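Chemist: The chain contents come next:
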Amino acid sequence: MTDFDALLKRSFAEAPEPADDGFTVQVNRRVVQREAQAKLRQNVWAVGMAAAGAAIAYGLYALMQVFGQEILATAGLEVAQAYGALSSAPSVSGQAQSLVQSLGAGITQILLITAALAGGAVAYRATQD
Amino acid sequence: MALRGFSNLAEATEAALIIAAQAKDQAAFGELVKRRQGWARALLRRMCNSHAEADDLAQEAFIKAWDRLRDLETPAAFPGWFRRIAVTTFLMAKRRQKAVFEVIDDASPIADETSTPEAAAGAKIDLEKALARLSDAERLCVTLNHGEGLSHAEIVEMTGLPLGTVKSHVLRGTEKLRRMLEAA
Chain H
1 MTDFDALLKR SFAEAPEPAD DGFTVQVNRR VVQREAQAKL RQNVWAVGMA AAGAAIAYGL
61 YALMQVFGQE ILATAGLEVA QAYGALSSAP SVSGQAQSLV QSLGAGITQI LLITAALAGG
121 AVAYRATQD
Chain X
1 MALRGFSNLA EATEAALIIA AQAKDQAAFG ELVKRRQGWA RALLRRMCNS HAEADDLAQE
61 AFIKAWDRLR DLETPAAFPG WFRRIAVTTF LMAKRRQKAV FEVIDDASPI ADETSTPEAA
121 AGAKIDLEKA LARLSDAERL CVTLNHGEGL SHAEIVEMTG LPLGTVKSHV LRGTEKLRRM
181 LEAA
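Sequence order for the protein chains is H and X.
Here the first sequence stands for residues 1 to 129, numbered as in the working numbering.
Here the second sequence stands for residues 1 to 184, numbered as in the working numbering.
So that you can see chain X by itself, here it is in the shape it has in the complex:
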């Protein structure tokens, strides 16, 4: 079904695409996926530590979005709404894998990342590689905080982790990244 009022889907605004997709216009949704896939896949790749798994989860998140698009109240809310779906999809996948998002309430000593063989060898560590060396929970919290600009409270609301745990993960993850990136 062609998007009403647009001769070319590429010219349509995102809001128009979302409204058309809410009316089950598959072509409009396809264009929306095309525009948003880079952001969605990047978000999930940073959280997942595996490109293949991240792309699978991104696909799953888009399919969930298609099913629930009618629940979206305003097109402007799409990024936050989709981010929540992506994070929930990621957390469900981790639960299936029995991953443990440990609850921590103190700042236990952070391992000296500069002492790793890679760092010692002077290997170049970019952001993605540095993120890959964080725990699942640290990577999730750091990505949402620094990458998506969410506050600690918003991360708590989205992930269900306790506030103290989120703060600790962000702090420890950021500190680890600092050490790795500065050593690179």
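So here's chain H without its partners, still in its complex pose:
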């Protein structure tokens, strides 16, 4: 840094701007105005949202008055149809049970025939010996 650069830096540092109360007052006034405007905007927004919400609720209410019964009737019919379809479906457990029962009966007969054949074979063998 040259001597002149140092002198320049000192010159900048030694040239403060005197405080001006009017300036501070003006900035404060603008801040107050700005905050008031922001608050007003916020209130307008809140009122607007409330009005929009009320309009939507009223619209839904009006729709329900016109179509409510029809919608409920259709929904009830759908539920009833679904329930009927479920209850009239063939019972899987019953089929399985009868299959097991018939299998059980067959096995008894097979076992009896097998036992008779085995006994006959043993008796034949004994007569041969």
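Think of the hints as simulated: they come from the structure by calculation, not from any bench.
Any given hint could be a false lead.
Partial chain H-side listing against chain X, Cβ under 7 Å, derived [said to hold, decoys possible]: (1) GLU17; (2) TYR61; (3) THR108.
Below, in silico cross-link-like pairs of lysine to any residue (SDA-like), each with a Cα-Cα straight-line distance of 25 Å or less [as the list claims (entries may be wrong)]: (4) X:LYS34 to H:VAL32; (5) X:LYS129 to X:LYS24; (6) X:LYS24 to H:PHE4.
DEER-style ranges, computed between Cβ atoms [to be verified]: (7) X:LEU171 to H:GLN37: 40 to 50 Å; (8) X:PRO162 to H:LYS9: 16 to 26 Å; (9) X:GLN97 to H:LYS9: 23 to 33 Å; (10) H:ALA19 to X:GLY80: 50 to 60 Å.
Keep in mind that this is a model prediction, so the values were computed, not measured.
Ideal Cβ placement from N, Cα and C applies to all residues, glycine included.
Assemble chain X onto chain H, guided by the hints.
Modeler: Only chain X this time, still in chain H's reference frame:
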């Protein structure tokens, strides 16, 4: 709203004022403006070459600071953060005025300032008057470099001017100031 924990705003530290102002305490912000206005107005007056315009821009910068104070991460960063707002406000005003921040990449001859009628008449030239005779871009770069102690890179980052242009403006502006102040 009174600043919590301080019976008198004048006793509050700047950090406490900033934290209170971030919570939308208008009185704390008013005290902050009161303390910082001299520096802010001086900075903008050196850049602007017009006291009235500088004060308008300083007001605008403080209002922007009020709006964006929540973005400030630490109170210690306030001076640099506010300086950036002030410089941006100045540059936007100049753009509105269609001022040209010329891009220069060579050291074209510097006019001999000692040959001006004022210098010839032996008029006393103080720093402010000398700055007023620089171009907008030179004044901006010299003020940020010598007055605010910013490096060339920091000025580039703040103003968006190319590095070579910033260096040239600082060099040429400083040289012009030297001639004017030495001749005074």
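Chemist: Run every hint past the structure and note whether it holds.
Modeler: Results for each hint:
no.	hint	verdict
1	GLU17	4 Å, holds
2	TYR61	40 Å, violated
3	THR108	88 Å, violated
4	X:LYS34 to H:VAL32	16 Å, holds
5	X:LYS129 to X:LYS24	39 Å, violated
6	X:LYS24 to H:PHE4	44 Å, violated
7	X:LEU171 to H:GLN37: 40 to 50 Å	46 Å, holds
8	X:PRO162 to H:LYS9: 16 to 26 Å	25 Å, holds
9	X:GLN97 to H:LYS9: 23 to 33 Å	29 Å, holds
10	H:ALA19 to X:GLY80: 50 to 60 Å	22 Å, violated
Violated hints, in rising order: 2, 3, 5, 6 and 10; the structure is consistent with all others.
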